[in-house]
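Undergrad: Chain A is already provided as a structure; the job is to place chain B on it using the hints.
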Amino acid sequence: EAGVAQSPRYKIIEKRQSVAFWCNPISGHATLYWYQQILGQGPKLLIQFQNNGVVDDSQLPKDRFSAERLKGVDSTLKIQPAKLEDSAVYLCASSLIWGQGLSSYNEQFFGPGTRLTVL
Amino acid sequence: AQSVSQHNHHVILSEAASLELGCNYSYGGTVNLFWYVQYPGQHLQLLLKYFSGDPLVKGIKGFEAEFIKSKFSFNLRKPSVQWSDTAEYFCAVNAQGKTSYDKVIFGPGTSLSVIP
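Residue numbers (the numbering used here), protein chains in the order written: chain A, 1 to 119; chain B, 1001 to 1116.
For the record, the hints were derived by calculation from the structure and aren't laboratory data. Ideal Cβ positions, reconstructed from N, Cα and C, are used throughout, including at glycine. What you were told as hints is all true, and nothing was included just to trick you.
Using 30 Å as the maximum straight-line C-alpha spacing, the simulated DSSO-like pairs for lysine-lysine come out as follows:
{"id": "1", "chain 1": "A", "residue 1": "K83", "chain 2": "A", "residue 2": "K44"}
{"id": "2", "chain 1": "A", "residue 1": "K15", "chain 2": "A", "residue 2": "K62"}
{"id": "3", "chain 1": "A", "residue 1": "K62", "chain 2": "A", "residue 2": "K11"}
{"id": "4", "chain 1": "B", "residue 1": "K1103", "chain 2": "A", "residue 2": "K78"}
{"id": "5", "chain 1": "B", "residue 1": "K1058", "chain 2": "A", "residue 2": "K44"}
{"id": "6", "chain 1": "A", "residue 1": "K44", "chain 2": "B", "residue 2": "K1103"}
{"id": "7", "chain 1": "A", "residue 1": "K44", "chain 2": "B", "residue 2": "K1071"}
{"id": "8", "chain 1": "B", "residue 1": "K1103", "chain 2": "A", "residue 2": "K62"}
{"id": "9", "chain 1": "A", "residue 1": "K83", "chain 2": "A", "residue 2": "K15"}
{"id": "10", "chain 1": "B", "residue 1": "K1103", "chain 2": "A", "residue 2": "K71"}
{"id": "11", "chain 1": "B", "residue 1": "K1069", "chain 2": "A", "residue 2": "K44"}
{"id": "12", "chain 1": "A", "residue 1": "K11", "chain 2": "B", "residue 2": "K1103"}
{"id": "13", "chain 1": "B", "residue 1": "K1049", "chain 2": "B", "residue 2": "K1071"}
{"id": "14", "chain 1": "B", "residue 1": "K1071", "chain 2": "B", "residue 2": "K1103"}
{"id": "15", "chain 1": "A", "residue 1": "K15", "chain 2": "A", "residue 2": "K78"}
{"id": "16", "chain 1": "B", "residue 1": "K1103", "chain 2": "A", "residue 2": "K83"}
{"id": "17", "chain 1": "A", "residue 1": "K44", "chain 2": "B", "residue 2": "K1061"}
{"id": "18", "chain 1": "A", "residue 1": "K83", "chain 2": "A", "residue 2": "K11"}
{"id": "19", "chain 1": "A", "residue 1": "K44", "chain 2": "B", "residue 2": "K1049"}
Which stretches of chain A does chain B cover? Using the computed rule of at least three CB atoms under 8 Å from a CB of chain B, they are:
{"id": "20", "stretch": "37-50"}
{"id": "21", "stretch": "107-117"}
Next comes chain A alone, as it looks inside the complex (with noise of 0.2 Å):
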């Protein structure tokens, strides 16, 4: 089956620019998940979506960061304006959860990411 699909791949911008990254999920996924990655650390959530819903987005930056997933499938991350710290790889994530509850099962399957520097 085909992965997860991301573009670009890499990004420069200058510090208050904006910028978009595009995220293919895996046909038929209904989780989608947008992780920031800073260099020599895990993946952080920054928002996830279950169909075109949101169900987290406790953890991102909204003065400055906005997603969104309009039809169910692909999404979009967006950054405006950019600061220095926002350089990290932004990973998609899709997820197919079978089951419900305690008895739910999640495992989740990654794009190649978006390696952004703010200069």
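TA: Here is chain B on its own, set in the frame of chain A:
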């Protein structure tokens, strides 16, 4: 709040040495557990996963992990490492039932360098 810790930030081994990377989590309920690997310049790949059943899980490339519920641990092991195992290793935990959705928390990662 749920959290995941990994014991070592950076591990250096010679080829053929045995590997054990520690992972502990803080959550008293039911969990799914994962180890991911990230080779230089590549994206995250799943090494192995635990959902239920036998606590000793075997994954790809000769890796295995043991879930010890009483210790809240999910340590990764490999009896004999190769140079090609040089990578970043991440432990991740999916805490079930805490909210209406499943949330996956990643550890900070352990960088493994294998010397030929």
